[in-house]
Structure formats: C-alpha cells, structure tokens
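A.B. asks: Given next are the chains, with one letter for each unit.
There are 2 protein chains.
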Amino acid sequence: MAKKEFEQGITSQDEDFSQWYIDTVLKAEMADYSCVRGCMNIRPYGYALWEHIRDAFDQRFKATGHQNAYFPMFVPESFLQKEAEHVEGFAPEVPWVTHVGEEKLTERLAIRPTSETVICAAYANWVKSYRDLPILINQWANVVRWEKRTRMFLRTSEFLWQEGHTCHRTEEEAREETMRMLRVYNECCENELAVPTVMGQKSESEKFAGAVDTYSIEAMLADGNALQAGTSHFLGQNFAKAFEIKFLDEDNIEKYVWQTSWGVSTRLVGAVIMSHGDNAGLIMPPRIAPIQVVIVPVYQEATKTLVLEEALKVEAELKAAGIRVKCDARETVRPGFKFNEWELKGVPLRIEIGPRDIEKGHVVVARRIDKEKAFVPRAELVPAISKALDVFHADLLARAKQRVSDLTSEAATLDELSAILSEKRGFVWAGWDGSSETEEKVKEATKATIRNIPLEGSEPTAGLKDLVSGQPAKYRVLFARAY
Amino acid sequence: MAKKEFEQGITSQDEDFSQWYIDTVLKAEMADYSCVRGCMNIRPYGYALWEHIRDAFDQRFKATGHQNAYFPMFVPESFLQKEAEHVEGFAPEVPWVTHVGEEKLTERLAIRPTSETVICAAYANWVKSYRDLPILINQWANVVRWEKRTRMFLRTSEFLWQEGHTCHRTEEEAREETMRMLRVYNECCENELAVPTVMGQKSESEKFAGAVDTYSIEAMLADGNALQAGTSHFLGQNFAKAFEIKFLDEDNIEKYVWQTSWGVSTRLVGAVIMSHGDNAGLIMPPRIAPIQVVIVPVYQEATKTLVLEEALKVEAELKAAGIRVKCDARETVRPGFKFNEWELKGVPLRIEIGPRDIEKGHVVVARRIDKEKAFVPRAELVPAISKALDVFHADLLARAKQRVSDLTSEAATLDELSAILSEKRGFVWAGWDGSSETEEKVKEATKATIRNIPLEGSEPTAGLKDLVSGQPAKYRVLFARAY
Chain A
25 MAKKEFEQGI
35 TSQDEDFSQW
45 YIDTVLKAEM
55 ADYSCVRGCM
65 NIRPYGYALW
75 EHIRDAFDQR
85 FKATGHQNAY
95 FPMFVPESFL
105 QKEAEHVEGF
115 APEVPWVTHV
125 GEEKLTERLA
135 IRPTSETVIC
145 AAYANWVKSY
155 RDLPILINQW
165 ANVVRWEKRT
175 RMFLRTSEFL
185 WQEGHTCHRT
195 EEEAREETMR
205 MLRVYNECCE
215 NELAVPTVMG
225 QKSESEKFAG
235 AVDTYSIEAM
245 LADGNALQAG
255 TSHFLGQNFA
265 KAFEIKFLDE
275 DNIEKYVWQT
285 SWGVSTRLVG
295 AVIMSHGDNA
305 GLIMPPRIAP
315 IQVVIVPVYQ
325 EATKTLVLEE
335 ALKVEAELKA
345 AGIRVKCDAR
355 ETVRPGFKFN
365 EWELKGVPLR
375 IEIGPRDIEK
385 GHVVVARRID
395 KEKAFVPRAE
405 LVPAISKALD
415 VFHADLLARA
425 KQRVSDLTSE
435 AATLDELSAI
445 LSEKRGFVWA
455 GWDGSSETEE
465 KVKEATKATI
475 RNIPLEGSEP
485 TAGLKDLVSG
495 QPAKYRVLFA
505 RAY
Chain B
25 MAKKEFEQGI
35 TSQDEDFSQW
45 YIDTVLKAEM
55 ADYSCVRGCM
65 NIRPYGYALW
75 EHIRDAFDQR
85 FKATGHQNAY
95 FPMFVPESFL
105 QKEAEHVEGF
115 APEVPWVTHV
125 GEEKLTERLA
135 IRPTSETVIC
145 AAYANWVKSY
155 RDLPILINQW
165 ANVVRWEKRT
175 RMFLRTSEFL
185 WQEGHTCHRT
195 EEEAREETMR
205 MLRVYNECCE
215 NELAVPTVMG
225 QKSESEKFAG
235 AVDTYSIEAM
245 LADGNALQAG
255 TSHFLGQNFA
265 KAFEIKFLDE
275 DNIEKYVWQT
285 SWGVSTRLVG
295 AVIMSHGDNA
305 GLIMPPRIAP
315 IQVVIVPVYQ
325 EATKTLVLEE
335 ALKVEAELKA
345 AGIRVKCDAR
355 ETVRPGFKFN
365 EWELKGVPLR
375 IEIGPRDIEK
385 GHVVVARRID
395 KEKAFVPRAE
405 LVPAISKALD
415 VFHADLLARA
425 KQRVSDLTSE
435 AATLDELSAI
445 LSEKRGFVWA
455 GWDGSSETEE
465 KVKEATKATI
475 RNIPLEGSEP
485 TAGLKDLVSG
495 QPAKYRVLFA
505 RAY
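Sequence lines, in order, name chains A and B. Per the numbering used here, the first sequence starts with residue 25, numbered consecutively. Per the numbering used here, the second sequence starts with residue 25, numbered consecutively.
Check before you lean on any hint, since a few could be wrong.
What the hints assert, rightly or not - DSSO-like mimics (lysine-lysine), calculated; alpha carbons at most 30 Å apart, straight line:
#1 B:343 x A:411
#2 B:448 x B:425
#3 A:86 x B:51
#4 A:51 x B:411
#5 A:51 x B:343
#6 B:51 x A:152
#7 B:28 x A:279
#8 B:128 x A:231
#9 A:172 x B:128
#10 A:343 x B:411
#11 B:448 x A:51
#12 A:128 x B:231
#13 B:337 x A:86
#14 B:51 x A:51
#15 B:86 x A:28
#16 B:265 x A:152
#17 B:448 x A:350
#18 B:172 x A:106
#19 A:411 x B:128
#20 B:350 x A:350
#21 A:28 x B:270
#22 B:270 x A:51
#23 A:279 x B:106
#24 A:86 x B:425
#25 A:86 x B:28
#26 A:343 x B:265
#27 A:172 x B:106
#28 B:106 x A:128
Unchecked claim - Quick partial rundown of chain A residues pointing at chain B, CB under 7 Å, derived from the structure:
#29 164
#30 385
#31 386
Keep in mind the hints are simulated off the structure, nothing from the lab. Beta carbons: idealized from backbone N, C-alpha and C, even for Gly.
With the hints as constraints, model all of the structure from the sequences given.
C.D. replies: The following block contains the structure:
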C-alpha cells in the first residue's frame with residue numbers, strides 16, 4: 025500500500041515571517057479561521073498549550089493568595105460610562121446587545137472588553153470594613169475587542185484571558201501588588217514559556233484606559249519585533265470613586281479602596297510560536313508542551329511485534345514518571361512522515377526505537393531545538409529524559425536571551441533608530457524627554473513605539489538627550505516595532 | 025475587645041426551602057446577584073467548588089479520549105437558522121449583537137446558547153476522510169439563555185458549562201458515545217458530588233432542539249423535587265446534513281457523519297447545595313470541597329503560643345498529604361463563631377485543638393454531616409483524616425440514596441400521583457402510553473413532568489395502564505416536579 029507523503033507546506037521565516045506564522049498555526053493545527061469575522065477556532069493542540077499556560081499562571085496566582093471567581097460577560101451601558109477615560113478607550117470596539125429574541129432591551133448591554141466595571145460594582149457591595157481587605161480575585165474568561173486588523177492568537181476579536189482585580193487599604197499596598205504580579209508574569213514567562221521579557225512602565229499614551237500607571241512585560245519575537253505579553257495596572261482610586269467602593273478604616277474614617285488589575289491572554293500562545301519556531305515549524309517549550317516526548321517505532325514486518333511492544337513499554341514507563349508522552353504507532357504513514365509531522369508540531373524530544381536499538385539496549389533521542397541525536401541507555405531512560413527536558417528548556421531560554429542581547433541596540437538620533445530598525449529590528453535604547461511629541465514623531469518615521477520604561481536601565485546617563493527634540497532625556501527607554 | 029457575634033440568618037428548610045436556598049447561597053458567599061438581570065457573580069467559595077467539579081469531569085473526558093478546544097461565542101444569524109428545530113428552540117431566548125461601537129453589523133450575531141452550529145461549521149472543514157474520525161472534542165465555555173424566571177446556579181441567563189461535540193463514522197458508534205457519556209455523568213455525580221442520579225431517555229416533548237434522542241441524569245433534591253443534572257444527545261445526521269459534514273469512507277462513498285453532544289453546567293453547584301445542605305447551611309461532598317478540613321485552635325492567653333504552633337503543625341502535615349486544609353487562626357472572633365461559620369460553609373471535617381488535647385496526645389474531629397465528634401490520636405492523624413473523608417463521602421451518598429428510596433412511589437392514576445406529590449413529592453413511577461396528551465394533562469394537574477424513561481425499570485409490567493388515558497402503557501416512567 026502506498027503510504028501518504030508528508031507535505032510541510034510552510035513558508036520560510038526569512039521569506040515572509042508573517043506568512044510563516046499563519047502557515048505554521050494552520051498546518052500544526054493550533055487554530056483556524058472561524059465563521060465569525062476576526063474570531064478563531066482554537067483547535068485541540070493549540071488549546072492544550074493554552075491549558076498548560078493557564079495552569080502555570082493559575083498556580084502562581086493561588087500561591088500569591090489570589091482566588092478565582094466569575095462575573096457576568098454583560099456590561100450595562102450605564103456602568104461602562106461611569107469611568108470617563110475607560111469608556112472612551114473601549115467604547116469604539118465594544119459589541120452591543122440590543123435585543124433578546126424579539127424583545128428590545130431597555131438598556132443596551134456591552135460584551136465585556138475587560139471587567140473593571142462589572143467587578144467594581146460587586147466589590148462595592150462586598151467591601152464594608154478594613155477587615156474585608158485586601159480582596160485578591162482573579163477571573164479566567166473570554167473578552168471581546170472588535171479589532172480592525174486581526175492575527176490569530178495575537179489579536180482576535182474574542183480572546184481568552186485572565187484578569188486579576190484587587191482592592192487594598194493603602195496606595196502602598198496596591199502599588200506593591202501591581203509590581204508583584206508584573207514580576208509573577210515575568211518569572212512565569214521565563215520559567216514555563218522560555219520567553220524572557222523586559223519589565224517596565226508604559227508611557228502615558230500607551231497606558232490602560234482608566235489606570236493611573238500601567239506596567240508591561242515585553243517579549244522579543246524571532247523576527248526582532250516586540251510583543252506586549254502582559255500588563256499590570258495601578259488603578260489608584262479611579263474606579264473606587266466611580267463605583268463607590270468604600271470601607272470603614274480602623275480609625276473609623278470612611279475611605280476609598282486602592283485598586284489594581286492585571287492580565288495575560290491567549291496572545292501568549294502566539295508569543296510561544298513566534299519566539300521559538302523555525303523553518304520546520306513549532307518548537308514547544310517542554311514545561312508547557314502538550315506532548316513532551318513522541319516515540320516513533322521503526323521496524324520491518326519481521327520485527328514489528330518486538331519493536332511495537334518495546335515502544336509501548338517505554339511509553340508506559342515515561343507516563344508513569346509524569347511525562348507527557350505519545351507513542352505514534354500509526355501504520356498508514358512511514359517513520360519519516362512522523363518525524364516531519366512531530367517536528368512541525370514542535371514536540372521537544374523524539375525517541376526512535378528500532379530492532380538494532382533494542383539489541384544494543386539503547387534508544388535514540390532527537391532534540392527538536394537543534395536536531396541533535398544521542399543514544400541513551402535503556403536502563404537510564406526515565407531520568408535521562410527528565411533531565412533532557414530541563415536542559416531543553418534551559419537551551420531554549422538561553423537562545424531567546426541571546427537573541428535579545430544580539431538585537432538590542434542604542435540610538436542617539438531618529439536617523440540611527442531608523443537605520444537600526446530597517447537593518448535588524450530588535451529593541452533600541454534611546455533617550456526620551458517624556459513628551460508625547462517625540463513618541464508621535466518616532467512612530468510616524470519608523471512605526472516604532474516606546475515599549476516601556478524598563479525597571480532596570482532607564483536612568484538617563486549623564487548628558488543623554490531625547491532622540492528627537494535634543495532636550496535632556498528624562499529616561500532611557502526601549503523603542504521597537506511591535507505586533 | 026468585644027468579639028463579633030455570629031449571625032446565621034438562614035431560613036429553615038421546612039419553613040421555606042426556596043428561601044433556605046437563597047439565604048444559604050448568599051450567606052455562605054457562594055454567589056450573589058449581579059448588576060445584570062438574571063446573571064450572578066460566582067464568588068470565590070462557589071467558584072472553587074465549580075473548579076473541583078470541572079476538574080473531576082475534565083479528567084474523565086480526557087480518560088475517555090476527548091480533547092478540549094475553544095470556539096467563538098458568536099453565532100451568525102444564518103448559521104443558527106440552518107437546523108430548523110434548533111433555531112425554533114433557542115431563538116426566543118438568544119441575545120442579539122446588532123452593533124459594534126457605532127457601526128451596525130451587516131449580519132446580526134447571536135450569543136451562543138449552545139455551540140452545535142459554530143462547531144459543526146468548523147467540523148465541515150476538518151473532516152475529509154474516515155481517517156479523520158472519530159472527532160472527540162469538548163469545550164468549557166459560557167453560554168446564554170435569557171430565562172424568564174431565574175434562580176442562582178440552577179437557571180441563570182449566563183452560565184458556565186462544558187459541551188462535548190463528537191463526530192462518528194457510524195450510527196452505532198455515535199449511539200455508544202451518547203450512552204458512554206451519560207454513564208460518565210452518572211458515575212462522576214455519584215463518586216465526586218455524592219449525588220445519585222437516574223439515567224434515562226427524555227420524552228419527545230422534552231428533548232434537545234435538533235436531537236434525535238436526548239438522555240438525561242435526574243437527581244432528587246432534599247425537598248423531593250427533581251433536577252435535570254446533565255444531558256447527552258444523539259444528534260443523528262441532523263446537523264451533519266445542515267452543515268455538510270461529509271467524509272469519504274473506506275468504500276470510497278461520501279457519507280454524512282453521525283454526531284453526539286452532551287453537557288453539564290454550573291447547575292451542578294446548585295444540585296450539590298440542594299442535595300446535601302441542612303438547616304445549618306451547606307454540606308460539601310469531601311472530594312470536591314474547596315476546604316476539606318478546617319482547624320480551629322481553642323486557647324486562653326497563656327496557652328496561645330502552644331496551641332497555635334500545634335495547629336499550624338497539623339495544618340502543614342495534612343497539606344503535605346494532599347488534603348485541602350485551612351487553619352482558622354483569626355483573633356477577632358471566638359471559636360464558637362468559627363464553628364458556626366464553617367458549618368454554614370459546609371466544611372466536612374473540623375479539627376479542634378486545645379491545650380488539654382495536646383496534653384493527651386489527640387485532637388477532636390467533628391463531622392459536619394451528623395455533628396458527631398471523636399478523639400483521634402495525634403500520631404494517626406493523617407491516615408485517620410483521609411479515611412474519615414472517604415467515610416464522609418460514603419455516608420453522604422448513602423443518605424442521598426436513602427432519600428431517593430424513601431421518596432420514590434408508584435401511582436396508578438392521576439389522582440394517586442397528585443396525592444403523592446402534595447404529600448411528599450419525590451419520584452413517582454407510572455405507566456405511560458407514550459402520548460404527549462398524557463404529559464400535558466399531568467403537567468396541568470400536578471406541575472409534574474416525565475423526568476425520563478429510565479434505562480432500568482421502564483419495561484411495562486403486565487397489564488400496566490397509562491395513568492391518564494387508561495390505555496396500555498408503553499413504558500414505566502418517572503414523574504416528578506422539577507426545578
């Protein structure tokens with residue numbers, strides 16, 4: 025019987041990175057286009073990755089004292105309007121429910137673009153005394169922002185995310201929480217997604233509608249472009265005042281709470297794909313990979329039973345050790361087909377088992393990151409695979425960090441910035457006087473924006489000037505083109 | 025300092041079961057009313073219960089070969105209309121999005137009441153060959169059905185649920201899947217929620233809009249009323265034909281797939297509350313309880329350090345054994361307050377530790393189900409608590425089964441049925457000729473409906489008659505009033 029040939033069919037990264045991304049997402053069956061404009065179907069392989077990302081973050085939220093809850097997806101129009109900047113920022117891209125069945129609603133309902141308003145309305149009932157504080161709640165939910173230009177995972181009309189919403193007694197506590205969750209995001213991206221990020225504060229023009237201060241983590245993708253991978257907002261008392269969230273303090277004085285909110289989304293799936301993938305397809309970070317190890321048995325008719333039995337034994341051993349393993353025993357395709365397919369799907373380790381391997385008491389282990397192969401003694405398999413997964417994570421992270429280091433430059437003028445961005449992209453440090461005029465001029469000339477004012481390294485060096493105005497720089501900031 | 029007094033403030037079950045339910049949900053902080061009509065805020069304690077229920081089912085779905093995925097919440101109007109019975113069943117309670125921002129949409133979008141249409145549209149692209157089958161996918165999501173009369177958890181405009189959607193090569197396979205998942209529901213409700221259910225087929229008038237056959241699990245609540253706790257549908261080829269889900273079979277003939285869908289929802293939280301709770305509040309089934317064991321230290325000023333240290337040690341030991349335990353070390357309230365509060369919240373086991381207990385080398389363990397107390401030697405604590413949780417589950421399930429047995433009757437006539445329902449409610453077996461006329465007359469006279477045609481015991485006994493028409497019975501069925 026003729027066996028099916030493997031068709032990789034993905035554009036190379038150098039030829040067209042955006043097309044490579046679309047091809048990879050579709051061919052690896054991470055997601056596809058849905059019947060609804062700007063929305064996607066997240067397919068099982070893509071969703072499994074999201075589940076592992078979700079669990080990694082959720083565990084950290086719980087370890088820092090947060091609890092999950094769930095609030096309605098509908099926002100009454102009057103609620104959305106209570107915080108002036110908030111409604112201005114979100115209203116243009118909000119879907120409105122006007123009817124139920126044949127009946128017209130007396131008040132229109134927005135589908136949540138974020139839940140500050142609905143959640144603050146609940147908090148106003150829950151908070152009475154300083155004893156009720158802090159409130160540390162997170163929600164996993166779907167939200168909608170009707171974007172003009174969409175891109176699977178990175179920017180879709182509907183997406184999945186988590187949104188933390190906390191209330192505190194003092195400004196200091198709320199500011200601490202804002203920074204704590206920013207650091208949790210940074211740590212989780214590094215240790216689970218193998219994606220290093222730069223923590224910093226957003227400029228006034230880029231902050232969340234309704235926040236006092238917004239902080240972000242910024243990742244660098246394989247093409248040198250930046251991606252905002254998560255945000256943490258210090259909301260001050262803006263929403264507390266709009267929604268009357270007050271508490272009686274120990275000193276018997278009624279006060280407004282101080283709030284934060286913070287979120288990461290299915291965009292992180294895009295970050296993983298674009299950060300690690302190569303011309304053969306995906307490369308999954310081992311700790312969140314849906315499948316960490318794939319076993320491909322290689323046999324002739326005469327050795328089939330022997331090899332398949334051994335392959336299933338290896339699968340059972342690894343599974344018992346808590347490793348996410350799959351034995352690909354399909355008979356309709358050749359081993360070469362399977363190699364290509366699992367490479368496309370980015371499974372970190374592939375174990376090949378043939379009759380000669382069994383004879384010699386070893387297996388072949390191939391690494392997706394560099395396609396290197398090694399013989400591993402059969403008796404040491406479980407600890408060796410566990411270790412190989414850790415080493416794989418470390419190598420993937422080191423590679424990503426190396427890229428950030430290679431593609432981070434310094435520019436003194438707008439011309440220098442332009443030149444760097446057209447030559448190699450990446451992050452570019454430059455002086456900034458703090459004005460929105462500079463931001464606008466840079467954007468117009470280069471399409472780059474200030475990604476953030478990094479927590480580290482943003483102190484202006486002596487004599488540093490704004491790259492546009494030539495005025496003394498207030499900060500050193502990171503410019504980049506972003507998705 | 026005067027310590028706060030505990031106010032239980034819940035109506036007794038005998039006085040008004042519905043009010044008892046609302047009081048308990050609110051006071052135990054499971055949920056509260058939201059700013060949006062018919063929607064609720066699921067508070068952390070209620071959501072934690074849902075997370076454990078979700079995980080219990082999710083694990084079983086994965087063990088039976090299903091994968092999770094995610095599809096858009098919007099359903100284009102033209103899609104909803106493709107299956108005639110389906111749109112007729114759901115259109116009256118569907119919210120319609122007509123505008124985004126200021127812009128009017130060219131086609132209205134419904135918020136999903138269930139996802140057959142959107143998912144079938146995707147499956148039509150995914151299925152080409154018999155090799156692509158079966159498709160075994162589940163989705164955890166929010167859905168909206170704008171109900172006229174709502175009740176927290178049992179019936180809310182928006183609710184959380186899972187919906188399985190599968191495609192099969194043959195009718196037989198699809199029918200097997202329908203029954204497999206019905207049995208998974210039944211087993212999970214018994215072994216995790218301690219809620220026994222009756223599996224059976226819904227009558228024609230009660231089946232899912234668009235299904236060929238609908239099966240349900242029916243629970244009996246503490247007041248003797250029934251609750252449909254989950255449904256599993258054999259969809260035949262109805263949606264396959266409407267959405268053109270075809271595959272090339274091994275015999276080279278193009279065929280429509282056979283489908284199933286099945287779901288359980290946050291309604292199960294209501295089932296747990298109403299099934300197990302008593303006049304003191306909730307009783308949580310141990311396997312899904314957010315907190316399985318609460319420790320209350322009891323001390324005077326002189327023994328405070330000694331007792332608190334011991335309490336924290338016990339907490340650490342139980343936590344290390346994987347038990348969900350909380351040490352309530354609050355100093356603002358007395359132990360009696362804590363006892364009442366954790367009883368209201370239904371924590372299965374309470375450990376009391378005082379200086380005399382430490383001296384004697386034991387702790388006091390109190391069971392929420394019957395308030396019985398026992399001394400447990402300190403050295404045997406961990407295994408004793410693990411065992412006590414299992415025994416608690418078994419006792420809770422046995423109690424629920426006893427209720428079903430006590431409150432299941434048999435009626436030969438409509439008058440007998442009426443009398444039973446007004447005396448003690450419960451499930452009532454009766455003969456049914458299969459006509460919708462009987463169903464309507466019974467409903468009119470008693471508000472009871474056929475819950476289902478049970479998988480076991482529905483064979484009519486010799487000479488059994490329909491309770492209304494007096495015609496020969498086609499089935500023995502279960503009637504009950506339901507939420």
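A.B. asks: Next, verify each hint and record whether it holds.
C.D. replies: Going through the hints against the structure:
1. B:343 x A:411: 28 Å, holds
2. B:448 x B:425: 16 Å, holds
3. A:86 x B:51: 24 Å, holds
4. A:51 x B:411: 50 Å, violated
5. A:51 x B:343: Given pair residue 51 (chain A), residue 343 (chain B) is violated - Cα atoms ~44 Å apart, limit 30 Å.
6. B:51 x A:152: Cα-Cα ~15 Å, so holds.
7. B:28 x A:279: 22 Å, holds
8. B:128 x A:231: OK: residue 128 (chain B) and residue 231 (chain A) at ~29 Å, within 30 Å.
9. A:172 x B:128: 15 Å, holds
10. A:343 x B:411: OK: residue 343 (chain A) and residue 411 (chain B) at ~28 Å, within 30 Å.
11. B:448 x A:51: Violated, at roughly 60 Å.
12. A:128 x B:231: Judged against 30 Å, a Cα distance of about 29 Å means the pair holds.
13. B:337 x A:86: The hint holds at about 21 Å.
14. B:51 x A:51: 51 Å, violated
15. B:86 x A:28: 29 Å, holds
16. B:265 x A:152: 57 Å, violated
17. B:448 x A:350: Measuring from Cα to Cα gives roughly 54 Å; hence the hint is violated.
18. B:172 x A:106: Holds, at about 28 Å.
19. A:411 x B:128: 56 Å, violated
20. B:350 x A:350: 38 Å, violated
21. A:28 x B:270: Given pair residue 28 (chain A), residue 270 (chain B) holds - Cα atoms ~21 Å apart, limit 30 Å.
22. B:270 x A:51: 21 Å, holds
23. A:279 x B:106: Since the Cα atoms of residue 279 (chain A) and residue 106 (chain B) sit roughly 55 Å apart, the hinted pair is violated (cutoff 30 Å).
24. A:86 x B:425: 36 Å, violated
25. A:86 x B:28: 29 Å, holds
26. A:343 x B:265: 40 Å, violated
27. A:172 x B:106: OK: residue 172 (chain A) and residue 106 (chain B) at ~28 Å, within 30 Å.
28. B:106 x A:128: 24 Å, holds
29. 164: The hint is violated - residue 164 (chain A) has no Cβ within 7 Å of chain B, the shortest such distance being about 10 Å.
30. 385: Constraint on residue 385 (chain A) not satisfied, violated at 33 Å.
31. 386: Hint on residue 386 (chain A): violated, closest Cβ of chain B at ~32 Å, above 7 Å.
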